[in-house]
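What follows is each chain in one-letter form.
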Amino acid sequence: ETGVTQTPRHLVMGMTNKKSLKCEQHLGHNAMYWYKQSAKKPLELMFVYNFKEQTENNSVPSRFSPECPNSSHLFLHLHTLQPEDSALYLCASSQEVAGYTFGSGTRLTVV
Amino acid sequence: SQQGEEDPQALSIQEGENATMNCSYKTSINNLQWYRQNSGRGLVHLILIRSNEREKHSGRLRVTLDTSKKSSSLLITASRAADTASYFCATDRGNSGYSTLTFGKGTMLLVSP
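Line by line, the protein sequences are chains L and U. Using the numbering used here, read the first sequence as starting at 1 and increasing by one per residue. Using the numbering used here, read the second sequence as starting at 1 and increasing by one per residue.
Simulated crosslink set (DSSO-like; lysine-lysine; CA at most 30 angstroms straight-line):
| # | chain 1 | residue 1 | chain 2 | residue 2 |
| --- | --- | --- | --- | --- |
| 1 | L | 41 | L | 22 |
| 2 | L | 41 | L | 19 |
| 3 | U | 70 | U | 105 |
| 4 | U | 105 | L | 22 |
| 5 | L | 36 | L | 52 |
| 6 | L | 19 | U | 105 |
| 7 | L | 19 | L | 36 |
| 8 | L | 41 | U | 69 |
| 9 | L | 22 | L | 40 |
| 10 | L | 52 | L | 22 |
| 11 | L | 18 | L | 36 |
| 12 | L | 40 | U | 70 |
| 13 | L | 52 | L | 18 |
| 14 | U | 26 | L | 40 |
| 15 | U | 26 | U | 69 |
| 16 | U | 69 | L | 40 |
| 17 | L | 36 | U | 26 |
| 18 | L | 41 | L | 52 |
| 19 | U | 105 | L | 41 |
| 20 | U | 105 | U | 69 |
| 21 | U | 26 | L | 41 |
| 22 | U | 70 | L | 36 |
| 23 | L | 41 | U | 70 |
| 24 | U | 105 | U | 56 |
| 25 | L | 19 | L | 52 |
| 26 | U | 105 | L | 36 |
| 27 | L | 40 | U | 105 |
| 28 | U | 56 | L | 41 |
| 29 | L | 18 | L | 40 |
| 30 | U | 56 | U | 26 |
| 31 | U | 105 | U | 26 |
Calculated from the structure, these hints are not laboratory results.
Generate coordinates for the entire structure from the input sequences, incorporating the hints supplied.
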């Protein structure tokens, strides 16, 4: 365990479903991140939260909706996804300007 | 804009050999970081080098940074089969209080016994 826990590990959802990804860190870090990793593409930054305030939204479609109720928890709410949204979704945290601690990711398949 | 282009895309070596991976980037940075990823898992932070540093060591890892050429290299000495993984460089433009990392596509390293 890295200290950043993501659930579920795997998720299969239909295009009309609504689901949520959860991320939790117990490292006392101030910043949390969502990244998307698709095959043959670099990791794409989606959202950044610093002290539970959203500081960056990297032009992510509105069918992805983040929520950060406190500095330890981060959610990614999913609705009306497309098959091209199938990917590994990675959560990470960091303390100020330092290396990230990543979770193991959620492998999402949209059918 | 994409930062951090790793080279080569794939590298295959024998155990005991050294592995060198390179990274180039385009804009100014606060620091550069290297990560490792085993298949389908999360990334693991290996080393961070700041823009005013030229070289850094951590165990069998050696990282160099040349800001004039906008490039970095990761050297893994005396490689082991367990080093088989994908390696990514990431550049941090340095914001107030948090990092914003931009990753390259990575180098896939295969170390054969």
